[in-house]
Amino acid sequence: MGETTVKSLDDRTTPSSPIVADGRWAWLRARTPRRPRIWFELLLIGLSYWVYSLIRNAVPEQKAEALKNADWIWRTEESLGLAFEHAVNHAVNSVTWLIVTMNYYYATLHFIVTIGVLVWLYRWQPGRYAAFRTVLFATTAVALVGYYLYPLAPPRLMESKDFIDTVLVHHTWGSMASGDLKHMSNQYAAMPSMHIGWSLWCGLTIFFLAKAPWARILGLLYPAATLVVIVATANHFWLDAVGGMICLAFGFLVAYFWYGTWPHRLSKQVEPVLAVAPESSAPVPKKPAEQADQEEPVGSGR
101 MGETTVKSLD DRTTPSSPIV ADGRWAWLRA RTPRRPRIWF ELLLIGLSYW
151 VYSLIRNAVP EQKAEALKNA DWIWRTEESL GLAFEHAVNH AVNSVTWLIV
201 TMNYYYATLH FIVTIGVLVW LYRWQPGRYA AFRTVLFATT AVALVGYYLY
251 PLAPPRLMES KDFIDTVLVH HTWGSMASGD LKHMSNQYAA MPSMHIGWSL
301 WCGLTIFFLA KAPWARILGL LYPAATLVVI VATANHFWLD AVGGMICLAF
351 GFLVAYFWYG TWPHRLSKQV EPVLAVAPES SAPVPKKPAE QADQEEPVGS
401 GR
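First residue of the sequence shown? That's 101 in this note's numbering, and the numbers climb one at a time after it.
Derived by calculation from the structure, the hints in this document are not laboratory data.
Among the hints, a few may not be true.
When the alpha-carbon atoms are kept at most 25 Å apart in a straight line, the in silico SDA-like pairs for lysine to any residue are as follows [unchecked claim]:
{"#": "1", "residue 1": "K168", "residue 2": "L244"}
{"#": "2", "residue 1": "K368", "residue 2": "P136"}
{"#": "3", "residue 1": "K168", "residue 2": "G181"}
{"#": "4", "residue 1": "K163", "residue 2": "K261"}
{"#": "5", "residue 1": "K163", "residue 2": "A207"}
Distance windows between CB atoms, simulated [said to hold, decoys possible]:
{"#": "6", "residue 1": "A310", "residue 2": "W139", "range": "26 to 32 Å"}
{"#": "7", "residue 1": "K261", "residue 2": "F357", "range": "37 to 43 Å"}
{"#": "8", "residue 1": "V245", "residue 2": "F357", "range": "26 to 32 Å"}
{"#": "9", "residue 1": "A164", "residue 2": "H190", "range": "23 to 29 Å"}
{"#": "10", "residue 1": "W224", "residue 2": "V342", "range": "29 to 35 Å"}
{"#": "11", "residue 1": "Q162", "residue 2": "A310", "range": "23 to 29 Å"}
{"#": "12", "residue 1": "W139", "residue 2": "K261", "range": "45 to 51 Å"}
{"#": "13", "residue 1": "D262", "residue 2": "W358", "range": "45 to 51 Å"}
{"#": "14", "residue 1": "Y248", "residue 2": "A315", "range": "33 to 39 Å"}
{"#": "15", "residue 1": "K261", "residue 2": "W224", "range": "41 to 47 Å"}
{"#": "16", "residue 1": "R175", "residue 2": "F140", "range": "45 to 51 Å"}
{"#": "17", "residue 1": "E178", "residue 2": "F140", "range": "29 to 35 Å"}
Think of the CB as a built atom: it goes at the ideal place given N, C-alpha and C, for glycine as much as any other residue.
Could you put together the complete structure from these sequences and hints?
Structural data, given as C-alpha cells:
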C-alpha cells in the first residue's frame, strides 16, 4: 500500500485580496517619480494654463470691491510705515530706459524663465521634475481661490493716489491689464501676485538644485528683482507679493505630503520602480521534529 502523507492545515496559503494588492500598488506607483513624457507634459501645461486663464478671467470684475480692498491694503501699509510703492513708482518712472526695461521684464520673463526652468528640470533633473511641477501647479491653483475671494485693484488703477501706469505712459507692449490688452485679462485679480509666486518657485528651484554658485545667486536675485519690477510698474502692492509667497508655501506642502519628502531631496534621476509582491499568509517555518510529526506516513508499519 502506498504511503499517504498527512499535511498540516498550516501549510495552506491564503492569497491576499487582489483588489487590495492592486490598490496599494497603484497608490505607491502614483507617488513614485517616473520619467516624464514630453507629449503629456506639453499637453498638461497647455491645458492647465488655459484653465487657469479661463477661471481667472471668469472671476467677476468687482470694481467697487476691488478698489475698496486696494484702499484697505494701502492704509494697512501706511500704518506699518511701509507704503513705499508710490515713491518707487515715480522714482523709477523718471528714468525712461529703466522703466521701459521693467515693462518688458514684467511682460516676458514671467513666462520665459518659468518655462526655461521646467525644461531644465525635464532634461537634467527628471527624478525631481514631477514634484517641482506639482509645487507650481498647486501654487497656481490656490491663487485662483484668492482671486475669487479677494478682488483687488492694482495701484495703477487707484486714481486718487496718482500712481503711474508705466505701460500706458511709455507706450510699451506688455501688461495684459493695460492698453489694448486690458479686456483680455481680469484687472482686479492682483492678490496674490503670481509674478512673485512663479519667480520665487524658479529661484528656489535653481538655488536648491544648481551646482554653480553663480547660478544659485542668480536664482535668488530673480524673485528679488521681480519684486522691484511689480512695485515700480504699479502692478502690485508688496503685500500681494506676500500672498504669492504663501501660495508657494502651500504648493511645497502639497508636494511634500504627496511624495513624502521635499522635492529637492528626491533622486536626481528616475529610479526603477520595483514591483510590490502581494502580502500572503506564508507558512510559518516549523522545527524539524514538529514537521516530521505532521508528515508521518499513514500505514508505515510503526
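Verification of the supplied hints:
1. Note on K168 and L244: the hinted pairing holds, with a Cα-Cα distance of about 20 Å set against a maximum of 25 Å.
2. Restraint check: the Cα-Cα separation between K368 and P136 comes to about 13 Å, which is no more than 25 Å; the hinted pair holds.
3. For the proposed pair K168 and G181, the alpha carbon gap of about 20 Å is at most 25 Å, so the pair holds.
4. Only pairs whose Cα atoms come within 25 Å are accepted, and K163 paired with K261 is accepted, the gap being roughly 16 Å.
5. With a CA separation close to 23 Å, the supplied pair K163 and A207 stays within the 25 Å bound.
6. For A310 paired with W139, a C-beta distance near 27 Å keeps the hint of 26 to 32 Å intact.
7. A C-beta distance of roughly 42 Å is found between K261 and F357, which places it inside the suggested range of 37 to 43 Å.
8. A hinted range of 26 to 32 Å for the beta carbons of V245 and F357 is inconsistent with their spacing of about 18 Å.
9. Taken as a hint, the range 23 to 29 Å holds for the pair A164 and H190, whose Cβ atoms sit roughly 27 Å apart.
10. Range check, W224 to V342: about 32 Å between beta-carbon atoms, so the 29 to 35 Å window is met.
11. Distance hint check for Q162 and A310: the Cβ-Cβ separation is about 42 Å, which falls outside the suggested range of 23 to 29 Å.
12. Distance hint check for W139 and K261: the Cβ-Cβ separation is about 48 Å, which falls inside the suggested range of 45 to 51 Å.
13. Distance hint for D262 and W358: a CB-CB separation of about 47 Å, consistent with the stated range 45 to 51 Å.
14. Under the hint 33 to 39 Å, the C-beta atoms of Y248 and A315, about 37 Å apart, fit the expected range.
15. Separation of K261 from W224 is about 46 Å and conforms to the stated range, judged on CB atoms against 41 to 47 Å.
16. Restraint check, R175 to F140: a C-beta distance of roughly 47 Å satisfies the suggested window 45 to 51 Å.
17. Here the CB-CB span from E178 to F140 is close to 49 Å, at odds with the stated 29 to 35 Å.
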